[in-house]
Amino acid sequence: MSRVVGTVGSVCPECLGRVEGRLVEDGGCVRLVKRCPEHGEFSTVVWRGEPAFSSWARPKIPFGGGPREAVGQGCPYDCGLCARHNQRTCTALVEITTRCNLGCPVCFADSRGAGRDLDHDTLARMFEQVMARTGGCNLQLSGGEPTVREDLPQIVAMAKRAGFGFVQLNTNGLRLAEDPCLAVELVEAGLSSIFLQFDGVREDVFRSLRGRDLFEIKVRSVDNASAAGLGIVLVPTVARGVNTDQLWDIVRFGLDRQPHLRGVHFQPMSYFGRYPENFTPDHVTLPELMTGLEAQSGGIVKVCDFLPPGCEHALCSFSGKYMTREDGSFTRLGSASCDCTPKPAEAGALKSIGVTARQWSSPAALSPNPPCPGQGAEPLAGRGAAPRISSPPTPDNDLDRFLARARTHTFTISAMAFQDAWSLNLDRLQGCCIHVAQPDGRLVPFCAFNLTSRDGRGLYRGRG
Amino acid sequence: MSLVFIPEDMDWVCEPCGERLQPGKVELTYLGNAFHVELPVCPKCGAVYIYEELALGRIHEVEQLLEDK
Chain A
0 MSRVVGTVGS
10 VCPECLGRVE
20 GRLVEDGGCV
30 RLVKRCPEHG
40 EFSTVVWRGE
50 PAFSSWARPK
60 IPFGGGPREA
70 VGQGCPYDCG
80 LCARHNQRTC
90 TALVEITTRC
100 NLGCPVCFAD
110 SRGAGRDLDH
120 DTLARMFEQV
130 MARTGGCNLQ
140 LSGGEPTVRE
150 DLPQIVAMAK
160 RAGFGFVQLN
170 TNGLRLAEDP
180 CLAVELVEAG
190 LSSIFLQFDG
200 VREDVFRSLR
210 GRDLFEIKVR
220 SVDNASAAGL
230 GIVLVPTVAR
240 GVNTDQLWDI
250 VRFGLDRQPH
260 LRGVHFQPMS
270 YFGRYPENFT
280 PDHVTLPELM
290 TGLEAQSGGI
300 VKVCDFLPPG
310 CEHALCSFSG
320 KYMTREDGSF
330 TRLGSASCDC
340 TPKPAEAGAL
350 KSIGVTARQW
360 SSPAALSPNP
370 PCPGQGAEPL
380 AGRGAAPRIS
390 SPPTPDNDLD
400 RFLARARTHT
410 FTISAMAFQD
420 AWSLNLDRLQ
430 GCCIHVAQPD
440 GRLVPFCAFN
450 LTSRDGRGLY
460 RGRG
Chain B
0 MSLVFIPEDM
10 DWVCEPCGER
20 LQPGKVELTY
30 LGNAFHVELP
40 VCPKCGAVYI
50 YEELALGRIH
60 EVEQLLEDK
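For the record, the sequence lines run as chains A and B. Counting from 0, one number per residue, gives the positions in the first sequence under numbering that gives the first Met the number 0. Counting from 0, one number per residue, gives the positions in the second sequence under numbering that gives the first Met the number 0.
In short, the hints are calculated from the structure, not lab data.
Which bits of chain B does chain A cover? Going by a derived footprint, with three or more residues having C-beta under 8 Å, they are: (1) 21–32; (2) 35–46; (3) 61–68.
By construction, the Cβ of each residue, glycine as well, lies at the ideal position given by its N, Cα and C atoms.
Extracted from the complex, chain B is given alone in its bound form (with noise of 0.2 Å):
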């Protein structure tokens, strides 16, 4: 599986752990549809931290892809 979504900064800390993100293997799901990423995880509370490109981006044109009326 591709690291294409894991952040060229990876320097984040998951504020409530105190641990820093690693990349981890994630589920997407919306309507029914499963996607399964790469993504920085925190190893303790398994939050997963998706950065604003990806979410605005990718994951925003899937979303309309998927809907209908």
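Just chain A, with the same shape it has in the complex (with noise of 0.2 Å):
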């Protein structure tokens, strides 16, 4: 029998108008229930199975402080963020250039080959407002595809002189494959991580997703990051029916690979830019992917190891902390459950920001990587190779054992569930923080940037 457990704003998936709607339980799966009174009903399923949807919460104290756009339409059409946004940014996203090489079926960006990059001005200047509103944040560089710009490794060196301390590239990866020097100049510049774009272990995937073969050229781009010393988070895009059936898989990928590659981020498809043009919303929700990592592992993971994150809203993501142990065993880290007493938002991001730059990066009992050829270095005989690990004396405490280990092979498995017009829940909008820096200096949440109604109109991209 189904029953209201919530009643949120949301909008029309046709013309963007605000619309209230219900969220309907009904045997474990919940729906969000909305009614536009031009264009009809539209029902979602935004929750399927355990852990309950009940169960899934970590309320926050709102957090009000930094610079406010004044409030004129309401939510979603005032970011910036508004006087109504309830978090600081944890993550600010600046989106480089608009050109891509790969022109993925699947694109929350919509890039296409072509398009304007940000020039060295405006990026400063961007960079020196996103510090200045955010007091401090973790920093995304976007796009588009980044690497299409020669002059990347001077952006990120930008960033890092305006005085970001983790600096990571969301890279489809394939130039960080073709070109290993890249990797190289890229933590030269001080690049601390990749966020790549890696939705499976079989090339059919990339075939449905990315339009081509593409594992090789992930392998070589894993490969080549790995040797230059950055810390890899591989993000798989996940696809009812594509790749649902090869979660954990992933996972195996990147535990093979530690200790550069530092966890797993996976990241439903949404319905926002570009995505199938004949399709019916089916959203894989987070406790499917809990569930299926918990069945796909054998139980070497479990749904109740992820937690609900202590930053965004609770209904945004999980994430579940582990080390991999001298004799294999993987082992969950962290606590067993979340204080669900409310907590001040601010505080949440914080930690967030430090635990995201410091497990995200590659660790830092590595050396420093080896130079490049021709980069002003001799050339080395281990050239790519992976960077020596430095060998402390063998330690004869529990805590001198952990921390040697704990350094280089702790791993993440988390996800994150972007919102589009058909499942946008405002109440989640406003608890954002991860937040899409402009040239005018506003920070807009990541959902309502990228939000497109069904025939490709957006609120805020392209009208910057």
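Given two chains presented individually in distinct reference frames, assemble the corresponding complex, making use of the accompanying hints.
Right under this line is the structure:
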């Protein structure tokens, strides 16, 4: 029997007009049901299975600090952030180009082969604005495909000079695969980590989501990034029937490539930007990922390992932190459960900034990357080999034994469910901590920035 | 077990008890993980002395490695 478990603000997928929605639970499945006076009713599954929807909560005390835009038409039309937003920036995205060298059938940014690049003066101003507005956060360089820019190392260096401690590159890995020197140059410029599009371990997955075979290229990009000393996070776009059967295979691929491979961050496909034309919204929900990981791993990881986030809205993500021991066993680290009393959102964001930066960077215990020939350093016989791990004397106490291993072999499994015009819950949007920086200084929550109606119209992208 | 967590200066006294601290086996736990180490302990009340360098060094690092979001 169905019952209403909540009411939320949302939008009509056709006109993006604001509508009220009901969260309706029926047999462990929660649907967002909403009606637009003009375009009728829409019903989308937003939660399917265990853990129970009602159990997945981590309330936060809203953060209202920093510069805010005036509230005009109301959420989601005044983003920048507006006075009603409840969370500070944890990660700022700067889209340095709209160009792309891949042109996937599925792309939240709807990137294409040509487009404009932001110039250095604009980028420098944006980096300064983000630092000033947020008081410091993690930075992700995104696009388009950022590596199509020849001046990418200079841009990374600019971001470091602006004060960002953790700079991550959102990339498809094509250029990293074809040019081993690029990763080295990026490390030298100060890049901490790559967020690598990596959808599976079979070519049919890449053909479906990316339009071509890419697995061998992805492996080479991981090898080159590892050799250069970059932290690597695999980022699969998860689509039902395409790669939902290889969640654990992707994790295994990552575990086999520690210590530089630092985690897997699953992103269920959302219906914004560019996606298959004839579709019925069928979101892979967070609980399905959790139960899928438990089943596919044979119980090595468990649903109860994963906790809702302390930074963004609870319904937006899950994460679990692990360590691989010397004997190959995989142990969960961290809290056994979350404290579900309301906590300040700002404290959660500040903690997340630090935890994310430490976990997704290359381990500090690793020696510096080998230089690239022709870059002012002598060629090394060992170029291309993985950096050496510093080898302290064998620890003879528990603390040092743990530290020696954990410094290099922690690993996170996490997921983030982006929202689209079908699944948008304005409570979640107001708790968003991932913000897209604009040249005019505004910080627009990621899902508002990318939101598109069924016919492709957006509220923010391309209107900066 | 190593004595690495016993400071060179062991001239410490438990003020409430008036007892000189002695090396003792201690279990430190955080977020479900247990670490067995040797630290200065009051033989009377069992209070453990964790010196600043250890607290701000190794223990802080362990805490960061164990913590999740």
